[in-house]
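Given the coordinates of chain A, work out where chain B should sit on it, guided by the hints.
For the protein sequence lines, the chains are A and B, in the order given.
Reading the first sequence from the start, the letters are residues 192 to 470 in the working numbering.
Reading the second sequence from the start, the letters are residues 1417 to 1702 in the working numbering.
Since the hints were made in silico from the structure, they are not lab data.
No experiment lies behind these values; they were computed from the predicted model shown.
All C-beta atoms in this analysis are idealised placements derived from N, C-alpha and C, irrespective of residue type, glycine included.
Derived coverage of chain A by chain B (criterion: at least 3 residues anywhere in the stretch with Cβ under 8 Å from a Cβ of chain B; other residues may be distant):
hint : stretch
1    : 201 to 215
2    : 280 to 290
3    : 365 to 376
4    : 403 to 417
5    : 434 to 443
Here's the letter readout for the chains.
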Amino acid sequence: MSAMRATQIRRLPGFGLTLGFTLFYVTLMIVIPIAALLLKASSISMEELVETFKTPRVQASLRLTFGASLLAATINTFFGFIAAWSLVRYRFVGRRLIDSLIDLPFAMPTAVSGIALMAIYAPTGIVGKHFLAWGIKTAISPLGVLIALIFIGFPFAVRTMQPAIEELELEAEQASASLGASRFQTFLRVTLPSLIPAALTGFTLALARALGEYGSVIFIAGNLPMRTEIASLLIVSRLDENDIVGACAIAVVMLASTFVLLLTIQGIQWWIERKTGRN
Amino acid sequence: MSRDSRLSQASRDPKWIQWILIGITVGFVTLFLILPLGVIFWEAFRKGLKTFAIALSDRNARSAIGLTLLATAICVPLNMVFGLAAAWATTKYSFPGKSLLISIIDLPFAISPVIAGLMLILLYGIHGWFGAALQSMGLQVIFAVPGVVLATIFVTVPFVARELIPVMQEQGSEQEWAAISLGASAWQTFTKVTLPNIFLPLLYGVLLCTARAMGEFGAVSVVSSNIRGLTNTIPLQIDALYNDYNAPAAFALASILATLSIITLLAKSWLESKIEHRSKESEEIQ
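So here's chain A without its partners, still in its complex pose (with noise of 0.2 Å):
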């Protein structure tokens, strides 16, 4: 109790030291780095921004980066979903073992990940090679980039949803049974409204990482212009030709999306934990 009081009226020393160091840091290496893409990015004329986005290769290279980011954040929070369903309610040999993996592409290398699904999803692959003989590209081709963005994304899908599950209220799901419902109606009305705001907070994360990923998607992606050119490479082509505005230009763009899609996301969620009562 009286330790509660002193830090009312005192602090633990070390106040001005670490927070000082944190403010110098994070200036250093965060803000300031921020702060010029920003400035550089203000200083673009709009005949520069349109210049830039007129061009068909880069129109191209935000459909595709769009298009199969929000594909495969689709894809992972609904096997993401599956994933974590198993592996909280069901104990089946592997288990673990399975739950362990599930961080890897967390812990890999993107570049390392890269050359790895590219060797199994190429046309001589272990797996492209049957996809070939039914006349379907796994690499070189949009598939191959959404390939890769599973991949990147699928541990945030499963991660969120996983203590989500955990935390489910058996009782809730005992009292729709004993008031009859069936097994699938218990499910569908009781236990999944519980578990969106996860699913939305797995399928952002899973979406953000995808359009800004380049390490992984790279190599089984063939980068062949107007068709598998993702906007990060477009990125660091424009900064190999010495367009530094062009780069700015791009990586504002994507910058932007992504935060203006994170925020409306939170924002979806807050206003359903709102509409649901809970906090």
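Positioned in the frame of chain A, the structure of chain B alone reads:
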């Protein structure tokens, strides 16, 4: 183990649904996680141990390993000290703008690595804010080793802080206050009270930071000149070898980084089981 038996009839899915969902999970994980991991080691050792050894003893490969270790050795201690300071400042005190500060610390996670590299070029490139001044002092940052180090730091800033902040938030400051009131100095309090309490999450944060620092590709590739034997890190060298159609050598280097990520995963499940064990013990005591 006990959870299944605790599930009441109402929460238990029919067996056939269980089989289908487990099957989908195992299939998905095999296709997207197990196969990519396996193929790295398969490709690395397919041509025999000798090819593997030659690939690793190559001069450019050794230089890439050296540069990666150097960048990691600079980046990890800095971000560890930062993580400790940031976690201490944001969990032991309240001050205006605290949640804004925590959000800013998390920002590098939301920024594409390629865009991070671009930011550094805008700052330290020849036409950048500090580029000309540094150049006149004879220090080249972009397309040189300092740029590689700075890019590595940027993408890994949040790792240690992120692991520590929630843990220290939960622990509160009572133990530190007790130590201080018993006459311990600030440094003693930190090393004897705080540090032992946060040791496991600190270790895990450092491990994640190390793995990412050694494996960063996008940000580093933008600020590095990609000169072999000079400014290439392991991932950049992998990229260069792969583009040369020297896949066995690329996979040999990749297998080192893949081993590191397996160690990270193992350490994570070990730490989690340890933390779970601890909380169970404290439940039993209560």
